[in-house]
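Those protein sequences? They're chains E and Z, same order as listed. Just so you know, the first sequence maps onto residues 165 to 527 in the working numbering. Just so you know, the second sequence maps onto residues 28 to 306 in the working numbering.
No wet-lab data here; the hints were simulated from the structure. Check before you lean on any hint, since a few could be wrong.
What the hints assert, rightly or not - Partner residues aside, some chain Z positions facing chain E, computed with beta carbon under 7 angstroms:
| no. | residue |
| --- | --- |
| 1 | Ala-91 |
| 2 | Arg-169 |
| 3 | Val-201 |
| 4 | Val-203 |
| 5 | Leu-206 |
| 6 | Ala-220 |
| 7 | Ala-244 |
| 8 | Ser-253 |
| 9 | Val-262 |
To be verified - Going by beta-carbon spacing under 10 angstroms, a handful of chain Z positions derived as facing chain E:
| no. | residue |
| --- | --- |
| 10 | Leu-56 |
| 11 | Arg-65 |
| 12 | Thr-248 |
Unchecked claim - Stretch-level coverage of chain Z by chain E, calculated; a stretch enters the list once three of its residues show a Cβ under 8 angstroms from a Cβ in chain E:
| no. | stretch |
| --- | --- |
| 13 | 71-85 |
| 14 | 126-140 |
Glycine included, C-beta positions come from ideal geometry on N, C-alpha and C.
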Amino acid sequence: MHIPDGYLSPSTCAAFYAGSTPFWYVALERVKKALHTRLVPLISLFSAFCFLIMMFNLPLPGGTTGHAVGIGLATVVLGPWAAMLAVSVALIIQALFFGDGGITAIGANCFNMAIVGSLVAYVFYRAIAGRAPLVSFRRVVAAGLAGYAAINVSALLAAIEFGIQPLFYKDASGAPLYCPYPLSVSIPAMMIGHLTIAGMAELIVSAGLVAFLQWSDPSLLRATAGNAVKLDEGSRAPAGRSLQPLWMGLGLLMFLTPLGILATGAAWGEWMASDFSSPAIREQIADSSLHQAAPTRAPQGLEQMSQVWTAPFSRYAPPYIRSAKFGYLLSAMFGAGLVTLVCFLVVRLMRGFVVERPRQPAT
Amino acid sequence: MTGHHHRRSRGGFIEHTIDGLHSAMDRALYADRSASGRGLLQRLDPRVKVAGLGALILASAMAAKLWVIAAVLLAAIILAALSFLSIWMIATRVWFATMTFSAAFAVPALFLTPGTVIYTLPALLWTVTSQGITTAGFLILRSETAATLALVLVFTTPWMHILKALRLFRVPVVFVVILGMTCRYILLLLENAHEMFESRKSRTVGPMTRGEQRRIAIASTGALLSRTFHLSNEVYLAMQARGFRGEVYILDDFRMQNSDWLAALGFGGLTAALVWVGH
Numbered sequence: 165m166h167i168p169d170g171y172l173s174p175s176t177c178a179a180f181y182a183g184s185t186p187f188w189y190v191a192l193e194r195v196k197k198a199l200h201t202r203l204v205p206l207i208s209l210f211s212a213f214c215f216l217i218m219m220f221n222l223p224l225p226g227g228t229t230g231h232a233v234g235i236g237l238a239t240v241v242l243g244p245w246a247a248m249l250a251v252s253v254a255l256i257i258q259a260l261f262f263g264d265g266g267i268t269a270i271g272a273n274c275f276n277m278a279i280v281g282s283l284v285a286y287v288f289y290r291a292i293a294g295r296a297p298l299v300s301f302r303r304v305v306a307a308g309l310a311g312y313a314a315i316n317v318s319a320l321l322a323a324i325e326f327g328i329q330p331l332f333y334k335d336a337s338g339a340p341l342y343c344p345y346p347l348s349v350s351i352p353a354m355m356i357g358h359l360t361i362a363g364m365a366e367l368i369v370s371a372g373l374v375a376f377l378q379w380s381d382p383s384l385l386r387a388t389a390g391n392a393v394k395l396d397e398g399s400r401a402p403a404g405r406s407l408q409p410l411w412m413g414l415g416l417l418m419f420l421t422p423l424g425i426l427a428t429g430a431a432w433g434e435w436m437a438s439d440f441s442s443p444a445i446r447e448q449i450a451d452s453s454l455h456q457a458a459p460t461r462a463p464q465g466l467e468q469m470s471q472v473w474t475a476p477f478s479r480y481a482p483p484y485i486r487s488a489k490f491g492y493l494l495s496a497m498f499g500a501g502l503v504t505l506v507c508f509l510v511v512r513l514m515r516g517f518v519v520e521r522p523r524q525p526a527t
Numbered sequence: 028m029t030g031h032h033h034r035r036s037r038g039g040f041i042e043h044t045i046d047g048l049h050s051a052m053d054r055a056l057y058a059d060r061s062a063s064g065r066g067l068l069q070r071l072d073p074r075v076k077v078a079g080l081g082a083l084i085l086a087s088a089m090a091a092k093l094w095v096i097a098a099v100l101l102a103a104i105i106l107a108a109l110s111f112l113s114i115w116m117i118a119t120r121v122w123f124a125t126m127t128f129s130a131a132f133a134v135p136a137l138f139l140t141p142g143t144v145i146y147t148l149p150a151l152l153w154t155v156t157s158q159g160i161t162t163a164g165f166l167i168l169r170s171e172t173a174a175t176l177a178l179v180l181v182f183t184t185p186w187m188h189i190l191k192a193l194r195l196f197r198v199p200v201v202f203v204v205i206l207g208m209t210c211r212y213i214l215l216l217l218e219n220a221h222e223m224f225e226s227r228k229s230r231t232v233g234p235m236t237r238g239e240q241r242r243i244a245i246a247s248t249g250a251l252l253s254r255t256f257h258l259s260n261e262v263y264l265a266m267q268a269r270g271f272r273g274e275v276y277i278l279d280d281f282r283m284q285n286s287d288w289l290a291a292l293g294f295g296g297l298t299a300a301l302v303w304v305g306h
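Next comes chain E alone, as it looks inside the complex (with noise of 0.2 angstroms):
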């Protein structure tokens, strides 16, 4: 996700310089306050250490490696502000001593991943964590997730950077000046591999690494912790009881799902762009939209947008199947296996890291 030299134009690259520089001032004055504090050597060692983590491959389920960044581990470490400090500064060393990442495309890549990363790791952990107890296993799951989804929204961020070059810089050819693809193309691109390899490295590393504080020192997660409960009060929720009836009536329900066919019309507000076209659709719009008629065309902008993504399994009816029933079963199978694959791949994770732990010694 280090975006390279020659991937933005020059004003998009000086919008994102200019967007990141009150966040530096902003965190800059708040590590100044607290300069006499031990937050200097720590940001500079975290920042090295960010630095170190990315250069880890580690080796994913699947048979994948990635590497973290790790944003998730910093801002639950050190707070949003020291971590988009330690986080920037990693990466502006990676640009200008390893060439990993360009150095016009400093200020976005700090953005995406040290700015919009800390911030939304911070929303999210405190989030998820709440007042839960320093060693518990909720604050190890708050900063998987948080790790999770800041690398994520940091993706998202660097793709619609690309996404929007072609709009505006081209050549008197026609030939894009910048990177060539459009959203349609970027936003997927980068989001497969991200919510699935660099996601599943940064949730790793920072749940792996805050189970690993729980263990040989909690009080460093007191920073970001809020009011939490105190450090030896409970630890971790009983163990589960058996999941087997749940499992078959997930089971049941995935047969149930062809019984969605026989409802009819499309939900409210859920019509396609062609939906608009079609007389006897547009009547039933109207029906359920208190008799305001439906315009004959799509609206513009619908129809623009609507053409950024086109699913696999578009309005749960694969296009390779022949029959609608079997179509709707095969996407219900499918969402409810995704889903439940991505979840028992962040419990099992999870329970590695916490299984070996041995017991926490009361502070």
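Position chain Z relative to chain E; hints supplied.
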């Protein structure tokens, strides 16, 4: 299948990480050595270099003609040669590394960019457009040029001088201090991590499952993290012991010589010319 599986599991990721750490240390060492060389750029004032090479990067970013970007790349190569940097090293470390990424990004653009069709792939019937070739050229040339210029800067200027030069551009002192400390600790942590992985490798016998590999990776990262905190405490105590009260002083002792003014003029003129013809 089994053979392949075993080969991959036998600490493959440990070796991979060691390689990465090793090449980063190697690069830092080379930068240290080459920055103290006696080439053209090494003799210039760091402020002139930071501003001048930065301006060239900007010129290549702004150019809307391929040959102008190629001219900036050529200028970068000439500067590197005059500063006694190894072109072979630049080729392997920068051009090749940047190319693998850029090519993966640029090749689809050959087919996806709409425009005048100039070639159709025989079996797949994918069409290559002349606009696609131009845009792929822009991507690859620009990223190569900027990466080369950045490398020329760090390989001809000691890191501390680059940081001092940043002060001239009104970068806040705290930020410069953090940058400087980070760079020093990166080297220390690199060495630490390298030793840790080497010793882990020497103790690893037989194949590991991916789960085990992952646990080792996380455990090593955790160990590195606790060393980082330990070090941070020690550094803080050392800073306090020396009377650090929050004020930061940097010696700004650069003096512009005649040759520096001349170089600044050269960089300025070249950049202006490139921006003008590239527009």
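A quick look at each hint next to the structure:
no.: 1; hint: Ala-91; verdict: holds (5 angstroms)
no.: 2; hint: Arg-169; verdict: holds (3 angstroms)
no.: 3; hint: Val-201; verdict: holds (6 angstroms)
no.: 4; hint: Val-203; verdict: violated (10 angstroms)
no.: 5; hint: Leu-206; verdict: holds (6 angstroms)
no.: 6; hint: Ala-220; verdict: holds (6 angstroms)
no.: 7; hint: Ala-244; verdict: holds (5 angstroms)
no.: 8; hint: Ser-253; verdict: holds (5 angstroms)
no.: 9; hint: Val-262; verdict: holds (4 angstroms)
no.: 10; hint: Leu-56; verdict: violated (12 angstroms)
no.: 11; hint: Arg-65; verdict: violated (22 angstroms)
no.: 12; hint: Thr-248; verdict: holds (6 angstroms)
no.: 13; hint: 71-85; verdict: holds (count 3)
no.: 14; hint: 126-140; verdict: holds (count 7)
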